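Visitor: Next come the chains, spelled out residue by residue.
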Amino acid sequence: DAKTTQPTSMDCAEGRAANLPCNHSTISGNEYVYWYRQIHSQGPQYIIHGLKNNETNEMASLIITEDRKSSTLILPHATLRDTAVYYCIVRVGGSSNTGKLIFGQGTTLQVKP
Amino acid sequence: DAGVTQSPTHLIKTRGQQVTLRCSPKSGHDTVSWYQQALGQGPQFIFQYYEEEERQRGNFPDRFSGHQFPNYSSELNVNALLLGDSALYLCASSLPPGAEAFFGQGTRLTVV
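Protein chains in written order, with my numbering: chain C, 1 to 113; chain R, 1001 to 1112.
Extracted from the complex, chain R is given alone in its bound form:
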């Protein structure tokens, strides 16, 4: 079992650009959540996808959007990147939504 896999592992983008991060959940898991972790801080919940719909959302602007595909994989999109969007983006999967979450290694996004 490959666990939760995220791609890419590292990414550098320019302010104002758009970025797409990808996540494949642990085998059999149908729920995917995304978190943002700034340096030195705990992860902050962005949103959760279940049955291809956004079920919950944290306190993040509309620039952050997502999608879940029929195979349960998910994408996180961030538009109009700001320097403050530089962070480690973590994907977590579970089955069902409230069960123990398994996290991927994350994508390190740097906005310059």
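So that you can see chain C by itself, here it is in the shape it has in the complex:
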């Protein structure tokens, strides 16, 4: 699975959009980008995933660049409850997906009032 690079920490004002970047320059054609977050003392929570098209669900939007070497997770209206560590993970999808998740250090997002 390809390696990802994320900033160590970011701040965001409550009510504003939080944009979390992730670099995955060695991503392969059959690898998906997944985002999880972990609120303090809880288990990681799945947010969203995508292959090459932009994706949106009730929690967030995922923007993947055309060359797929980087992506951005967007929380449209951040709240204090969005304060967490956000993990960007790249892994093989489809029938070759073994389910193993390789977590890096993630980005600690601090949402401030």
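These are computed hints drawn from the structure, not numbers from a lab.
If you're wondering where the values come from, they're calculated on a predicted model, not measured in any experiment.
Here a beta-carbon is modelled for each residue, glycine too, at the ideal position from N, C-alpha and C.
Warning: the hint list may mix true and false statements.
[Said to hold, decoys possible] Just a sample of chain R residues kept apart from chain C, beta carbon distances all over 10 Å, derived:
| # | residue |
| --- | --- |
| 1 | Leu1011 |
| 2 | Gln1017 |
| 3 | Glu1051 |
[Unchecked claim] Okay, the calculated beta carbon distance ranges per label pair:
| # | chain 1 | residue 1 | chain 2 | residue 2 | range |
| --- | --- | --- | --- | --- | --- |
| 4 | C | Ala17 | R | Ser1065 | 40 to 48 Å |
| 5 | C | Asn57 | R | Thr1110 | 32 to 40 Å |
| 6 | C | Leu51 | R | Pro1070 | 32 to 40 Å |
[To be verified] Partial chain R-side listing against chain C, Cβ under 8 Å, derived:
| # | residue |
| --- | --- |
| 7 | Pro1043 |
| 8 | Gln1048 |
| 9 | Gln1056 |
| 10 | Gly1098 |
| 11 | Glu1100 |
| 12 | Phe1102 |
| 13 | Phe1103 |
Assemble the complex: chain C is given as a structure, and chain R must be docked to it using the hints.
Guide: Chain R in isolation, oriented as in the chain C frame:
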């Protein structure tokens, strides 16, 4: 739906002892994975169980073993505990193995 449940939530053991952690997957999920999360680090994959067999294993010694029961619940066993085994142990379930994983709240193990 209760989601993924783990027991106990907290545990204190003495170095050299053995410990068993338990996990009940989300309803309908047949695959269980275990992760170890040291303080300040991201979770590290220990192993995955599917159809009552260990399907994948991370870089952990044989002191770490597991089991999956016919009802898909799972146990993680750690023998000869070391101080360095102190961590949050997370269980995740999915259906099928490569689908989105749902995590439990974890078991906080402290080895003294």
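Visitor: A cut-off of 10 Å on Cβ-Cβ distance, and R:Gln1017 was said to be off the interface with chain C. Does that hold?
Guide: holds (24 Å)
Visitor: Is the shortest C-beta separation between R:Gln1056 and chain C less than 8 Å?
Guide: holds (6 Å)
Visitor: Is 32 to 40 Å a correct range for the gap between the Cβ atoms of C:Asn57 and R:Thr1110?
Guide: Check passed, 37 Å falls within 32 to 40 Å.
Visitor: Could you check the hint for me, namely that C:Leu51 and R:Pro1070 are 32 to 40 Å apart, CB to CB?
Guide: holds (35 Å)
Visitor: Min Cβ distance, R:Gln1048 to chain C: is it shorter than 8 Å?
Guide: holds (6 Å)
Visitor: Please verify that the nearest CB of chain C lies beyond 10 Å from R:Leu1011's CB.
Guide: The claim holds: R:Leu1011 sits with its nearest Cβ about 15 Å from chain C, beyond 10 Å.
Visitor: Please check whether R:Phe1102 passes as an interface residue: C-beta within 8 Å of a C-beta belonging to chain C.
Guide: holds (7 Å)
Visitor: Let me know if the C-beta of R:Glu1100 comes in closer than 8 Å to any C-beta of chain C, holds or violated.
Guide: Hint on R:Glu1100: holds, closest Cβ of chain C at ~5 Å, below 8 Å.
Visitor: Can you let me know if the beta-carbon spacing of C:Ala17 and R:Ser1065 is within 40 to 48 Å?
Guide: holds (46 Å)
Visitor: Over 10 Å from every CB of chain C: does R:Glu1051 meet that, or does the non-interface label fail?
Guide: Fine: 13 Å to the nearest Cβ keeps R:Glu1051 off the interface.
Visitor: Is the interface hint satisfied for R:Phe1103? The criterion is a beta-carbon contact with chain C at less than 8 Å.
Guide: Given a least distance of 3 Å, the restraint on R:Phe1103 holds.
Visitor: Min Cβ distance, R:Pro1043 to chain C: is it shorter than 8 Å?
Guide: holds (5 Å)
Figure legend: structure checked against the earlier numbered hints; every hint is met.
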